[in-house]
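Undergrad: Spelled out from the first residue to the last, the chains are:
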Amino acid sequence: MKTFLIADVGSTTTKVLFIKDSKIVAREEAKTTVEKPIEDVAIGVRLATDLIKHKIKDEVNDCDFLFSSSAGGGLQIIAVGITNNYTAKSAFNLSLNAGAIVIDTLALDDGRTPLQRLQCLDQAKPDLILFAGGFENGAINSLVEMAELIKMSKINAKFEVGRLPIIYAGNSKALPFVERALGDQFALEVVPNISPAEGVENFAPAKEAIINLFISHVMSAAPGYGNLSKRALLSPLPTPIAVEKTLSLFSKYKKKKIFAFDMGGATTDCFSIAGDICRRSVAANLGMTYSLPYVLNHCGLKKIMSCLDKTYGKTEVLNFLGNRFIRPTSISETERELKMEEAIAQNIINAAFILHRNLIKMDYDVIIASGGFIAHHPSKKRIKQIIQKALPVASGTAIAIDNLFVLPHLGVLSLVDEPLAVKLFEENVTIL
Amino acid sequence: MSLYYNLQIRKTRVSPFPGEIVVKEGESVKPDTTILRTTCRLGGICVINVAEHLKVRPEEITEYLLKKEGENIKWQELIAEKKLVMESKEIRSPVDGILERIETQLGMVIIREKLERPEIPVIIDIKGEYPKTTKILKPLIHKKEGDRVQYGETIVGKPVMPMIPFYTNKIVSPCNGTIVKIDYNEGKIWIQKDLPIVELKALYWGEVKRLITGYGIDIEFGGYVLECAYGIGGISWGKLVENDSGDVKGNIIYADYLAARDIEEIIKNRPAGIITGTIDYEEVDILLKNDITLVVIEGFGQMRISEDCQTMIQASLGRNVILNGTTRLRAGVVRPEIIFPSAREYHKLHEREKKFRVTWGKYYGSVGEVKDLLFQGETGSGIKTWLSIFICDDGEKITVPYNNVEEIQ
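Chains as they are written, first to last, in my numbering: chain A, 1 to 432; chain B, 433 to 841.
Treat the hints with care, since some could be wrong.
[Stated by the list, open to error] Partner residues are not named here, just some residues of chain B that face chain A (Cβ under 10 Å, in silico):
(1) C478
(2) T759
(3) T817
(4) V832
[Said to hold, decoys possible] Here are a few chain B residues that face chain A, going by a calculated C-beta distance under 10 Å:
(5) N481
(6) L538
(7) R544
(8) T710
(9) F732
(10) G793
[What the hints assert, rightly or not] Using C-beta positions, here's what the derived DEER-type ranges look like:
(11) B:T536 with A:S172: 13 to 21 Å
(12) B:R736 with A:K53: 34 to 42 Å
(13) B:G678 with A:R163: 50 to 58 Å
(14) A:D309 with B:K803: 33 to 41 Å
(15) B:Q808 with A:E59: 13 to 21 Å
(16) A:T430 with B:K700: 57 to 65 Å
(17) A:V200 with B:Q508: 34 to 42 Å
(18) B:D694 with A:R180: 50 to 58 Å
(19) B:Q808 with A:T430: 16 to 24 Å
(20) A:N358 with B:T586: 56 to 64 Å
(21) B:E491 with A:S229: 44 to 52 Å
No lab work stands behind these hints, which were simulated from the structure alone. We put the CB at the ideal spot given by N, CA and C, even for glycine.
Make the full structure from the sequences, and use the hints.
TA: Set out below in structure tokens:
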């Protein structure tokens with residue numbers, strides 16, 4: 001029997017799973033160490049592995065190592081187009097569709113001066129730029145102007161390693177000019193125009209390029225990934241893709257229509273899976289820690305307060321929210337704090353589902369809840385209540401939870417041992 | 433929160449536009465010292481599809497082009513022409529610039545606008561004000577082509593009395609600039625607006641260590657840096673004073689806890705920036721709206737403030753400090769910071785042993801040591817996690833989640 005050590009390097013925590021004799025022996029987590037001062041993701045993996053050793057009082061040698069990652073804030077994109085309402089919007093939608101977080105959208109009519117756009121680019125540290133604009137045989141000037149603006153900026157990749165990747169998915173007639181402007185300074189990848197004509201969208205090639213670039217450039221650029229990848233049996237997967245693999249596998253084996261959400265610190269990914277249909281949406285700014293100011297903005301304090309009893313005051317809730325935002329790995333020490341987290345979670349799940357419903361509407365056999373908050377919550381009964389309040393659960397729809405928060409790990413495992421991944425999924429994901 | 437001692441700090445100040453650096457290497461600068469001057473315009477690109485306009489094949493465009501690569505081109509200058517029997521097709525430049533490239537494969541030309549290119553002139557139509565006066569306009573226009581005009585200056589007007597500069601029906605200049613054209617028949621005046629000058633300031637006290645040709649400088653200085661929990665706004669500087677000192681305007685004020693009732697008064701007095709130990713989260717919004725740099729040392733709500741920070745703050749009252757409110761919590765963490773330039777008297781802080789601090793819950797701010805004892809247990813919330821035994825400096829022994837403790841840097 002093989003033993004596996006599988007890590008998921010998230011934006012807040014690194015979760016490591018130890019599998020031996022076809023069983024999950026231990027699962028531990030540590031703070032993700034992609035940022036300063038440590039800047040080496042391998043350290044977080046090692047710390048979590050040390051906790052496993054501490055727990056099982058044994059070594060974890062001779063394992064096959066695999067990992068997935070959304071660390072460093074996941075895949076962060078700047079979407080660039082010509083007009084805010086058309087190409088920039090398409091680039092924005094496509095980026096979300098590819099599992100990315102859009103940190104800024106630039107367009108010639110975005111209401112900013114060129115200087116302000118330059119300043120935005122200078123300060124941003126994206127993983128890549130998605131550059132679209134112009135129908136085929138349409139505008140060229142504006143695209144070249146935008147390319148020149150990007151060239152002029154001092155924009156750097158997130159971890160300032162290597163050349164910043166740019167996916168060009170605009171009017172092919174402007175390509176020679178764009179190549180001349182950006183080719184030397186950036187890792188330019190060209191894909192077919194995402195909006196070749198009015199009302200026509202061609203997202204698939206650009207989406208594939210984004211995912212490939214994420215694996216080849218972005219993940220490998222994060223500090224420490226080089227060493228981690230060398231130890232790994234296979235290339236790492238982006239976390240949302242790994243989760244999608246697990247869910248697709250389960251749906252295929254059990255012939256179930258699934259709605260699943262993975263509520264992380266920064267984002268909430270939602271999945272609708274039924275046979276070959278698989279739709280994923282990323283609520284890029286709805287998460288339990290880093291995104292809390294956006295959650296507050298999106299859902300409103302009133303809605304969050306309405307999930308709490310009258311003893312909670314506005315100041316207390318806001319201060320809790322602010323402190324959790326600046327100290328994302330801290331753990332609630334009281335029942336009172338936990339209830340505030342529950343109120344926030346309920347609103348996030350609801351808001352993420354509403355966004356997802358714009359993408360696809362279907363009936364579900366089972367709802368699967370995943371994420372750090374879900375896995376750590378001491379009462380499964382209360383989790384079920386939160387889900388029932390947050391989502392329209394039809395009678396006959398089962399609610400299940402990912403007890404150990406291992407959906408990403410199982411997705412990676414399925415690449416080397418599919419039956420084992422299914423077995424562990426069934427053991428770990430329990431119907432409430 | 434981290435405190436870095438007695439560092440040689442190097443900061444880079446660069447402009448996105450090239451300009452003239454007005455300081456020298458080795459020169460001392462202050463935050464408000466201008467280090468570079470530039471004009472705030474972008475040299476854009478203009479691509480003209482000559483083949484399409486003239487209805488010729490791409491490789492033929494050179495036959496019709498009147499300009500070569502590298503030649504200067506003026507706004508509205510003829511750049512290509514195709515003469516036909518009945519008519520001719522022509523292309524004029526929409527900008528001032530240089531013909532950068534002729535693309536015979538694509539049938540296009542690229543004109544690069546000059547960085548110092550002026551904006552398209554402002555046109556003043558005086559006929560609206562003087563409908564029947566085309567012939568008598570000349571004496572009413574007090575400027576000639578090439579004259580400078582200031583914003584609000586009268587350029588057209590009927591004198592109330594001869595030789596006395598008071599006018600009726602006057603038209604004033606909408607900008608600072610130069611009159612480039614007057615058309616007496618059409619009743620129009622073209623004013624070329626002056627380019628706005630942007631000055632880049634040093635923002636720090638220090639010495640110019642390196643010139644980045646055309647773009648900026650590196651500034652170096654010694655000091656202490658306190659990295660804090662949260663901030664808003666950019667860089668500001670000033671004398672550090674306490675918030676109840678009565679000397680708020682233009683200075684950096686400090687409060688252990690900034691209460692809602694004080695904030696309105698503080699905003700009215702326009703401080704350069706605010707340092708606070710803690711603040712309620714709901715008050716951040718009002719400071720954000722008033723564009724005031726804020727640095728919060730600990731967090732939100734009432735919390736215990738680190739003794740190290742208080743020592744630094746107290747010792748720096750009356751001295752200059754620099755605040756940077758920029759905060760990014762992920763994807764390249766940037767913490768807000770307070771810089772105490774040239775502070776060299778906090779040696780006591782160097783002598784500290786490696787210590788830890790509780791960063792959450794009722795023991796927040798307790799400083800001490802983590803005993804090497806890690807075990808799985810439940811917090812008061814019921815969450816199962818790794819716990820550790822923490823020995824506070826006052827000897828108290830507490831149990832805290834391992835995640836809620838951080839090393840003091």
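Undergrad: Would you mind marking each hint as holding or not holding in the structure?
TA: Evaluation of the provided hints:
With its C-beta approaching chain A no nearer than about 6 Å, C478 (chain B) sits inside the 10 Å limit, and its interface hint holds. Because the closest C-beta pair between T759 (chain B) and chain A is about 8 Å apart, less than 10 Å, the hint holds. The closest approach between the C-beta of T817 (chain B) and any C-beta of chain A is roughly 5 Å, which is under the 10 Å cut-off, so the hint is satisfied. Because the smallest distance between the Cβ of V832 (chain B) and any Cβ of chain A comes to about 8 Å, under 10 Å, the interface hint for this residue holds.
A least Cβ separation of about 7 Å between N481 (chain B) and chain A falls short of the 10 Å threshold, and the interface hint therefore holds. The criterion of a C-beta within 10 Å of any C-beta in chain A is met by L538 (chain B), whose closest approach is roughly 7 Å, and the hint holds. Hint on R544 (chain B) holds. Least Cβ distance to chain A is approximately 9 Å, under the 10 Å limit. Because the smallest distance between the Cβ of T710 (chain B) and any Cβ of chain A comes to about 9 Å, under 10 Å, the interface hint for this residue holds.
Satisfaction of the interface hint for F732 (chain B) is found here, the shortest Cβ-Cβ separation to chain A being roughly 4 Å, below the 10 Å cut-off. Taken as an interface hint, G793 (chain B) checks out: its beta carbon lies about 4 Å from the nearest beta carbon of chain A, inside 10 Å. Under the hint 13 to 21 Å, the C-beta atoms of T536 (chain B) and S172 (chain A), about 18 Å apart, fit the expected range. For R736 (chain B) and K53 (chain A), the Cβ-Cβ distance of about 35 Å falls inside the hinted range of 34 to 42 Å, so the restraint holds.
The beta-carbon spacing between G678 (chain B) and R163 (chain A), approximately 54 Å, falls within the hinted interval of 50 to 58 Å. Look at D309 (chain A) against K803 (chain B): about 38 Å separates their beta carbons, and that is inside 33 to 41 Å. Take Q808 (chain B) and E59 (chain A): their Cβ atoms lie about 20 Å apart, and the range 13 to 21 Å holds. Between T430 (chain A) and K700 (chain B) the C-beta distance comes to about 59 Å, which sits within the given range of 57 to 65 Å.
A hinted range of 34 to 42 Å for the beta carbons of V200 (chain A) and Q508 (chain B) is consistent with their spacing of about 37 Å. For the pair D694 (chain B) and R180 (chain A), the beta carbons lie near 57 Å from each other, so the given range of 50 to 58 Å is met. For Q808 (chain B) and T430 (chain A), the hinted distance range of 16 to 24 Å is satisfied, since their beta carbons lie about 21 Å from each other. The hint said 56 to 64 Å for the Cβ distance between N358 (chain A) and T586 (chain B), and at roughly 58 Å that hint holds.
For the hinted restraint 44 to 52 Å between E491 (chain B) and S229 (chain A), the CB-CB distance of approximately 49 Å keeps it satisfied.
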